[in-house]
Every structure is written in structure tokens, then in C-alpha cells.
Amino acid sequence: MDELMLQVRGLCVRSEQGRVLVEVPRLSLRRGEALGIAGASGAGKSTLLFALAGLVPGARGQICWQGQDLLAMPARRRAAFRADHIGLVFQDHMLFEELDAPANAAIQAGFRPRAERAALRAEGGRLLAALGLAGKGADVARLSGGERQRVAVARALAHRPPVLLADEPTASLDAATAEALTGDLLADTGPDRGRARRSLIVVSHDPALLARMDRVIRLDHGRMIDPAEAAA
Amino acid sequence: MMDLWYGLPAGAQDALMLAALIGPVLVLALVLLRGFAPGALVGAMLWRFRWPAGIFTLVVALAVAVGVGLIAQERGLRQGTARAADGFDIVVTAPGSEVTMMLAAVYLQPTDAPLLDGATFAAIAQDPRVTLAAPLAFGDSYGAAPLVGTTAEFVSHLSSGPLAEGRMFAAHAEAVAGAHAALPIGAQFTPAHGIGAGADSHAHAHAELTVVGRMPVTGTPWDTALIVPIEAVWEVHGLANGHAPDGEAEGEETHDHEHADHRHSQAPLGRPFDPAYFPGTPAIVVKADGLAASYALRSDWTRDQQTMAFFPGAVLAQLYGLMGNLRAAMSLIALLSQALVAVSVLVGLFILTGLFARQLALLRALGAPARYVLAVVWSFCAVLLGCGAILGLAGGFAASWALARILSARTGVALPATLGWAEVHLVAGFALVALIFALVPAIGALRQPVLARLRS
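Chain order of the listed sequences is U and V.
Using this note's numbering, you'd call the opening residue of the first sequence number 1 and step up by one each time.
Using this note's numbering, you'd call the opening residue of the second sequence number 1001 and step up by one each time.
I should point out that these hints are in silico values taken from the structure, not numbers from a laboratory.
Keep in mind that a hint or two might mislead.
[As the list claims (entries may be wrong)] Per the computed footprint, the stretches of chain U lying under chain V, defined by three or more beta-carbons under 8 Å from a beta-carbon of chain V, are: (1) 52 to 65; (2) 95 to 109; (3) 213 to 226.
Using N, Cα and C, we set each Cβ at its ideal position, and we do this for glycine too.
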């Protein structure tokens, strides 16, 4: 886990009224590392996660993914970077209800170059099968919460991003389903064994999930409680 | 450049105009969709929001159909009325309103008109430049069918050939039915005096006429009429029949109906008429042996206080000119209403786009390029607008066809219902403006804050 995936310096997110929502002087993450973000509701966990994805307007400082500062990029490049390097899982699944599970998993096929589309669809299908959703494709509205969240995970991973950002992924799941999903999220993370590993950042209140992270940072009113946890 | 344009055939100009209207849409589609495959997502969104999308499409179709229907109907009305006047080269009447007399002679609209005397008719009929002169007599009817008195020669002229069925009237008590008149061959009828609800069905109770033939379709109100020898019209009104009675001194009057009827049945039909026994005619249809002769005759027979000669086609052209001004005014109103429709379309598109704002925000969060999001929204709108435009074109044509049938049935004027370039240009122009407008909600969707939309 030597390669530095993420380096955050002087990140500050303010509300439109100027109130500090998140202030992170320093934060880093290595390839394959699993980082948990914990804290009370309203502590700024999700805001920090979405800021790391370049989705929060008005964020200041540096968010360098593999040396590339996301905040210095124009919006177009930031979107392209997200499409290539970041997988996102949301708390309430955020599926395209009008599409079936395979189409949801391969949603990027719509805007990827023609040459990549078939591989992306194949990877989406493989992931759905690996996540136990083979043959459950017709209508995502009929899937259970856990199944819908696994479709969202397949969508986040189908383009093989080196980092996965998940916001409260187990919040609406029962313990057993949450445990299974945690395993899915942690797959391909861990120490480098010669293969490309995936880094994971998870925002959660779930102690079981946080317990399986390599490292957990805690936020209170947007600020890290123990800055020592910031360094990888 | 203008010379080149005006040098092109009309069809080429219309095709180029269409290309100019569609071209920008195709370029826009190419720019937006190049390299993307939004079809599956757009199709799924259309299906998911099929009810609001369907209603929006129907509203667009209705707006387009009104415009298409109006244009098609106006053109059909012009073509139909012009075609109906084809058989009436020159009409000579007493001085008065050309429009009124044209409506009476060509379109069989009831009117009270002063009569031309026998000497006038004779002078016209004997003019060497005249190839056909036919007196007309109106004012009677049978049921809904107007009764028109004229000559067999004019019936043949208007039919442009032989009758469709039966034979031409050859006796005073015989009639030829228009193509759509309700009476079959062999039917006998007694004409009523007057036309419409106020007609007196007993005034001519002594007269009984028999249908012996049927005209082909002429596309004129004459198709619904019953045509009889003009002598019959005069006779049922107790007038002389246009021909001197055999062995009877000029000016002698007959008061005995039985004897009069016998003499009438023996009298000849059609030209020449005896001016002394010519009761008068409100209109004479004249055909000349050439264009120059037509103009000369019109000039010669336009005389103060005596006669008025006119070309029904020219009167129609004046009416069309007036209609043209009205059309320009209506076009302005139509343009304003179309602008209102366009604003409504824009508002509708914003509402529809709002239905899937969360999906669009999700696409952007997942890293979709802005152009892809534009392509999705624009394609969604384009499908609705395109379907609305095509449905509107079809609906406008159907409405025009139905209206033409109704008006044809009421007036007898065959009104063609066709789709022309004007309607196609209207729809293409509408599509161009609307599809450019469709970019506005698409751009608006891009300006929405992603996180706020995702959390909404």
C-alpha cells in the first residue's frame, strides 16, 4: 500500500452564508486502503465525501487524486476524471428506475466511446452475477433494498475505478445484508499483492462496517477530531 | 443569387426550403449526439413518463394541426371555388354587383336580379365571336336541390362531354339531375317556387317534370341541382317560353292552361329564341372563341345602365386578393398564437425536464459529460416534438379532409384536401424553432446544483 492515491491539503467547504461546513487541513489515502468517515449527523461526513468527488461547489484547497488536483480542474475535466477514476455509491441507491439492473450497472455505456461499451456492459453483468443478482434484471423497483444497493455497487465498479466512494451504503439494510454488502465493498481492497487494488472511502454510522476499515477519521462540526488519523 | 433562386423550378425551391429548415435540426442532432448512445435511457424515460409525455405530445399535435388545417383548407377553398368557375368564361347580367351575380350564376346562391331582355340575348348570341351563349333562370327548387333553367348546349358544356347516365332533356317537362342530386332517373317532381324554408311547394302544382339524365361530377354547386330547359322555368311561371307559338300572332296571350301546356310541349327547345317571346334572364353565360375575343366581349357588353359583363375568374381573383390581405392579417395572428404555443411548449419542456431532474443530476455525479446530459434532455424533447409535429401534420390533414367533405356537401363545390409544401414548411419551421427551444431546458438542467438535486 505504498502508492499515495489521495492527498488533501487545506480543504475548506463553506455554505452560501459563509459557515464552515468542512475543514480538513490534511488527509491522505494509499492504494488499496479502506478509510471510514464517522461522526454525528450533520458533522459534514457526506459533504466531505462529495467534496472528494469534486461535487461540492465552493470547495477550496487541494484534493489531489494520484497527483491531479480535482479542484483546479475545469468542470468538464472534473466530470471526466470522475467517470474514469471514481465509483460512487449513494445512501438511497439512486438507481435509474426506468432501466433494468444490467442497464443501470452499465449506465456509463451511454457516454463512453463505442469501443468501450461492450466491455463495460460485460463487466456490469459479471459484477451483478458476482453480487448474486444474476437473472434479476427486469425491474429494479421490485428488488429489495439490499439488492438495489448491490446494483448500485455494480454500477460504481463496472468501469473499474481505482477508488470507490460510498455514502452510508448500509444505512437502510438489515444486519445480514449489510454484512454481505460490506464484503462486496471491501473486495479488491487491501495490501498490494501485485494487482491493481481499489481504495475505499466509506461514510457510515454502522460500527460493524467501520470496524472493518483500515482507518477511520471522525468529524465533528466539519472538523477532524483526531488529526493524527489523517495521514495514511 | 436571387436570379438563381427565382430561376429554379417551384418544386426545387420548396425542397431547398425544406432542407434549409430541417438542416439545422440535423446539424444540432449530430453535434449533440455524436459519439453517444442515449437511446436506451431516453426510451426508458419516455416509457416511464409516458402519460405526461403523451399529453404534451397531443397538445403539440393539436397546435400544429390547427395551423396545418387552416392552410390546407384555405388553399382547398381557393382551388375548389376556382375550379367551379372554370365553365363560366364570361357572365353577362344587368348592372350591379359582380360578386353577387357570380355567386348566383356559378354557385347558385339565391338572389333577386334584374332581367336582361330578349334583344340583348339575341345580340350576344348572334355575335360571331361567341361560341356559346346560355341564358340562366333561377329561383325555384325541389327539396334541397335548386332548379336551374338553361339550354342543353350549356349542360353539355358544363359536363365537358356526355352525360353520366340517361339522356339530355328533349322536352319541356324533362330534367337532368346534377351528379349528387337526390332524384334518380325516372323520378317525377313538382318544383317549389323559391328556395329554402320559404319555398312555396304549391305555386307550380300544375307542373310535373321527369328526370331523364344525370350529369357527371363537375365539382360545382350544379352537382346538387336539377337542371331543366329554361323554357320550363318560364312556363311554370306562366310566361312565354322564348319561342313564338305556331300560328299565333305576336303578343297574343294565352289564359287557358291546358291549351298552353299542349302548345308548350310542342315548342322547340333552346336557341334560337324569339326576342318577342323571351321573358328575360338574370344572367347569360358566354364562351368566346379566344382570349382576345373574351376581353373584347367583356368590354363591349359592359354598358352603363344596360349590361355588365365580367369574368368570374377575375372576380374570384379579386376576392382572393381580399382574402390574401385577410390571410396576411390572420398570418400575423397565427404567428402570435404560434409564439404563445412556443412559450407553452417551452414551459411544458421545463416541467417535463423537471420530472427527471434527479436522474440528470445522477448522470452528472457519475461523470457524464455535459453534452451527454444535453443530448438526453434534447433527445427526449425531440421525440415528443417530432411525434407531435407528425401527428399534427396528419391531424391537420384529416381535419382539412373532413371539413372539405362537409363544405362540399353543403355547397356542392368540390374542395380538394391535400397536403402541400406550405404545410410541410410550417411543420418543419415549427420543429426547427421548438427543437432549438428544447435546448433551453436542457441547458437549464445543466445549471442545476448536482448535490441539491441528488438530495431533493
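Original post:
Failing hints, ascending?
Top reply: 3
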